[in-house]
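Visitor: These are the residues of each chain, in order.
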Amino acid sequence: MGGESRYMGLAYVMPYVVGLLIFTAFPFLYSFYLSFTDYSLMSAPTWVGLDNYEKLFTRDRTFDKSLKVTLIYVFSTVPLKLAFALFIAVILNYRLKMINFFRTAYYVPSILGGSIAIAVLWRYIFADTGLVNMFIGVFGLEPVNWFGDPTNALFTITLLRCWQFGSAMVIFLAALQSIDKSLYEAAWIDGANQWQTFRNITLPLITPVIFFNMIMQTVQAFQEFNGPYIITEGGPLKSTYLLPLYIYEKAFKNFDMGYASAIAWVLFTIIMVLTLIAFWSSKKWVYYAGDKRS
Amino acid sequence: MKRSTTALATVLALTALSANAADLRMSWWGGDSRHLATQEALKVCGEKYGHTIAPEFTGWSGHLEKVTTQLAGGTEADIMQINWPWLPLFSMDGSGFADLNDFAEIIDLSNWTEDQLAAATMNGHLNGLPLSTTGRVFMFNKATYDKAGVPVPATWDDVIAAAPVFKEKLGDDYYPLTMAYDASGVNTVLTVSLVAAQKTGKDLIDPETNTVAWTPEELVEAIEFYKMLVDKGVVRAWKDAAAAGNVKLHEDPKWADGHLAGSYEWDSTYFKYSDPMGEDQELVPVPLLKIDGAVTEAVYRKPSMVFSISKNSENPEAAAQIVNCMLTETDGIDAMGSARGLPASKAAAMRLQETGVIDPVLVAANKIIMDGEGPGVSPFNEHPEVRSAFKDALEFYAYGEISAQEAAEEIIVNVNEILEKY
Numbered sequence: 001m002g003g004e005s006r007y008m009g010l011a012y013v014m015p016y017v018v019g020l021l022i023f024t025a026f027p028f029l030y031s032f033y034l035s036f037t038d039y040s041l042m043s044a045p046t047w048v049g050l051d052n053y054e055k056l057f058t059r060d061r062t063f064d065k066s067l068k069v070t071l072i073y074v075f076s077t078v079p080l081k082l083a084f085a086l087f088i089a090v091i092l093n094y095r096l097k098m099i100n101f102f103r104t105a106y107y108v109p110s111i112l113g114g115s116i117a118i119a120v121l122w123r124y125i126f127a128d129t130g131l132v133n134m135f136i137g138v139f140g141l142e143p144v145n146w147f148g149d150p151t152n153a154l155f156t157i158t159l160l161r162c163w164q165f166g167s168a169m170v171i172f173l174a175a176l177q178s179i180d181k182s183l184y185e186a187a188w189i190d191g192a193n194q195w196q197t198f199r200n201i202t203l204p205l206i207t208p209v210i211f212f213n214m215i216m217q218t219v220q221a222f223q224e225f226n227g228p229y230i231i232t233e234g235g236p237l238k239s240t241y242l243l244p245l246y247i248y249e250k251a252f253k254n255f256d257m258g259y260a261s262a263i264a265w266v267l268f269t270i271i272m273v274l275t276l277i278a279f280w281s282s283k284k285w286v287y288y289a290g291d292k293r294s
Numbered sequence: 295m296k297r298s299t300t301a302l303a304t305v306l307a308l309t310a311l312s313a314n315a316a317d318l319r320m321s322w323w324g325g326d327s328r329h330l331a332t333q334e335a336l337k338v339c340g341e342k343y344g345h346t347i348a349p350e351f352t353g354w355s356g357h358l359e360k361v362t363t364q365l366a367g368g369t370e371a372d373i374m375q376i377n378w379p380w381l382p383l384f385s386m387d388g389s390g391f392a393d394l395n396d397f398a399e400i401i402d403l404s405n406w407t408e409d410q411l412a413a414a415t416m417n418g419h420l421n422g423l424p425l426s427t428t429g430r431v432f433m434f435n436k437a438t439y440d441k442a443g444v445p446v447p448a449t450w451d452d453v454i455a456a457a458p459v460f461k462e463k464l465g466d467d468y469y470p471l472t473m474a475y476d477a478s479g480v481n482t483v484l485t486v487s488l489v490a491a492q493k494t495g496k497d498l499i500d501p502e503t504n505t506v507a508w509t510p511e512e513l514v515e516a517i518e519f520y521k522m523l524v525d526k527g528v529v530r531a532w533k534d535a536a537a538a539g540n541v542k543l544h545e546d547p548k549w550a551d552g553h554l555a556g557s558y559e560w561d562s563t564y565f566k567y568s569d570p571m572g573e574d575q576e577l578v579p580v581p582l583l584k585i586d587g588a589v590t591e592a593v594y595r596k597p598s599m600v601f602s603i604s605k606n607s608e609n610p611e612a613a614a615q616i617v618n619c620m621l622t623e624t625d626g627i628d629a630m631g632s633a634r635g636l637p638a639s640k641a642a643a644m645r646l647q648e649t650g651v652i653d654p655v656l657v658a659a660n661k662i663i664m665d666g667e668g669p670g671v672s673p674f675n676e677h678p679e680v681r682s683a684f685k686d687a688l689e690f691y692a693y694g695e696i697s698a699q700e701a702a703e704e705i706i707v708n709v710n711e712i713l714e715k716y
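Top line first, the protein sequences correspond to chains A and B. Take the first sequence: its position 29, counted from the start at 1, is 29 in the numbering used here, and no numbers get skipped. Each number in the numbering used here corresponds to the 1-based position in the second sequence with 294 added.
Derived by calculation from the structure, the hints in this document are not laboratory data. Just so you know, not all the hints are guaranteed correct.
Straight-line distance between alpha carbons at most 27 Å, and here's what the computed DSS-like set of lysine-lysine pairs gives [as the list claims (entries may be wrong)]:
no.: 1; chain 1: B; residue 1: Lys533; chain 2: A; residue 2: Lys65
no.: 2; chain 1: B; residue 1: Lys715; chain 2: A; residue 2: Lys65
no.: 3; chain 1: B; residue 1: Lys360; chain 2: A; residue 2: Lys253
no.: 4; chain 1: B; residue 1: Lys640; chain 2: B; residue 2: Lys342
no.: 5; chain 1: A; residue 1: Lys253; chain 2: B; residue 2: Lys566
Selected chain A positions facing chain B (in silico; Cβ < 8 Å) [said to hold, decoys possible]:
no.: 6; residue: Phe147
no.: 7; residue: Gly148
no.: 8; residue: Leu176
no.: 9; residue: Phe252
Here chain B is said to cover these stretches of chain A; the calculated rule only asks that three of the stretch's residues, wherever they fall, bring their Cβ under 8 Å from a Cβ of chain B [what the hints assert, rightly or not]:
no.: 10; region: 217 to 223
no.: 11; region: 226 to 239
Beta carbons are placed, not taken as given, at the ideal position from N, Cα and C, and that holds for glycine.
Chain A with its partners taken away, still in its complex shape:
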């Protein structure tokens, strides 16, 4: 490769590299430095060593509560959402009438899901006088306090996330359609029923996609902000106070950037460790085409 074309290649990737350095790499590393400082935005950061982390792990009850709520949220949302997305994808994989309409219709909540408008809509649907309580009232049931009761509030936020199953569903659907039909034919000839073919053919063959969706959904769930912020603002009793809300409050309401950065790095470490565990465990349950183990 001549010198000129080498520079040409560099010029092509430069916009991305510059963007990455300025908007991702620099803030990422700078926030690590800030996590060891006391920084209120209005004055220069002051080095405080491990003080922020020490306070976080030993004296901050809000952090303990927020971390607990976040873990419950992630570990309930991700499996529920993946199971539901796979269930719908399997149904939409059949040759049904108006199948393209249904595929689009089920995907729509994912396009709308992250928006503020949908969070507001969710608030109205589950409010004390909302649609859900009106519906259960038809069956003579007492209205449920969805947002005022700490136990129900997190469940309601979880449902909003699960409702946005479309993107995971589309990926599952693509994976299902790529499975060689002859495998099913062979299984049917051997007398396998629906569940057996799903359990022994479909599921193993889509494990790479399940793994991919699981990682993506876990990372996204840890970053959830809009839903709880708009619907309950973290309440009641901090029962929906996910860590991103705490980071936001510390950074932009209390202007404690150093402490907020420390929380962000703890969150990053948790996501990183869980991802590494997932990758490590994937050797035991994810099967790739052409892999000797499969």
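Fit chain B to the given chain A structure using the hints.
Guide: Same frame as chain A, now just chain B:
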């Protein structure tokens, strides 16, 4: 000859104007009516002085975060609408904004009282010009009270006595007063503060020591007063109020249709709460309710917001001209109208009352605030961390997680810890 002289004069005037013409920016928060009025005022004043002012406006939510980020990066607008409690956040030593005393030849400071200017002065530097003086007043829905056959309350006893009549005549879901309606819980915090201040004659924060002025016992009494209001059905329990989610009072149908028949709000926000109400409803501001044994009315009065000029502005004189125009000159005042309540500027207040722009009900609500007496209110009352610490403890108490004693102690310890930083 005469015509050419006029033309020459015009050209010279335009040249002089364009020589001093500045490109400015102004930022503020508010609703649609404020946005329209301010843009019109900027247009009028900009044309008058030959400056161009780019407007930057948002709603209330997120504006503090935006201004903070801009101030930290030195990219703030030349003219800023700043909430009064933010002054210590941005300019504890007075150096966060331009000192408007330096522009006394441009801005007619005689339009503000010494007290008003003192409230916007940080460490000897005049950091802003007060736009209005605001405070919390009780407002009641007269139509609902009429329907129940109960007079609009003048005392706490009246409100408490109204509760059983409301339940009996209107239904269990009718309340004479409302609190803790959104997640901020600000009404509950301010009501508990009001009761404690009436009992002790002291504001939450002692200005001498910059620590909480109330003892745990005094605060316990105030917290238990709130509990009594809940128990007697005067206000909804926190849990019941939270069932609507994080919704603002004025957006709630129960407020609009009169099920919730009173609230403790800023006087300047009267129309925000009266506008959503039905045609047959009437919102009435009343003098402050006092507890038995009150040593003061404890009116919560403060400058609502100020116009500040950036210390980094390249054209602070031009910015001062625009500020002066909007607040003290007839054309600017007319364009701005009552977009920020009853103006603190004497010239503006007089002009708007003469022209009938200010609604008499706003004047009446403001008079309650101005006539009220009580200890001075520290801006730290509205410090985000102080507010959060107060609200969190009350919420845990309201849900039965901690006792009134524990809540009081938690508030005092946490607020003092926050104040230590200043």
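Visitor: All hints are to be evaluated individually against the structure, with a verdict given for each.
Guide: Consistency of the hints with the structure:
Restraint check: the Cα-Cα separation between Lys533/B and Lys65/A comes to about 19 Å, which is no more than 27 Å; the hinted pair holds. This hinted pair checks out: Lys715/B and Lys65/A have alpha carbons roughly 25 Å apart, not beyond 27 Å. Annotation: proposed proximity of Lys360/B to Lys253/A holds, straight-line Cα distance about 11 Å (limit 27 Å). At most 27 Å may separate the alpha-carbon atoms for a hinted pair to count; Lys640/B and Lys342/B meet this at roughly 22 Å.
The straight-line distance between the Cα atoms of Lys253/A and Lys566/B is roughly 25 Å, inside the 27 Å bound, and the hint therefore holds. This hint holds: Phe147/A has a C-beta 4 Å from the nearest C-beta of chain B, less than the 8 Å allowed. A least Cβ separation of about 4 Å between Gly148/A and chain B falls short of the 8 Å threshold, and the interface hint therefore holds. Contact between Leu176/A and chain B, as hinted, is not supported at the beta carbon level, the nearest pair being about 37 Å apart and thus beyond 8 Å.
Residue-level restraint check for Phe252/A holds (minimum Cβ-Cβ distance to chain B is 4 Å; threshold 8 Å). Only residues whose beta carbon comes within less than 8 Å of a beta carbon in chain B count, and the region 217 to 223 of chain A has 0; fewer than three means the coverage is violated. Counting residues of the region 226 to 239 of chain A whose C-beta lies closer than 8 Å to any C-beta of chain B gives 9; at least three are required, and the coverage claim holds.
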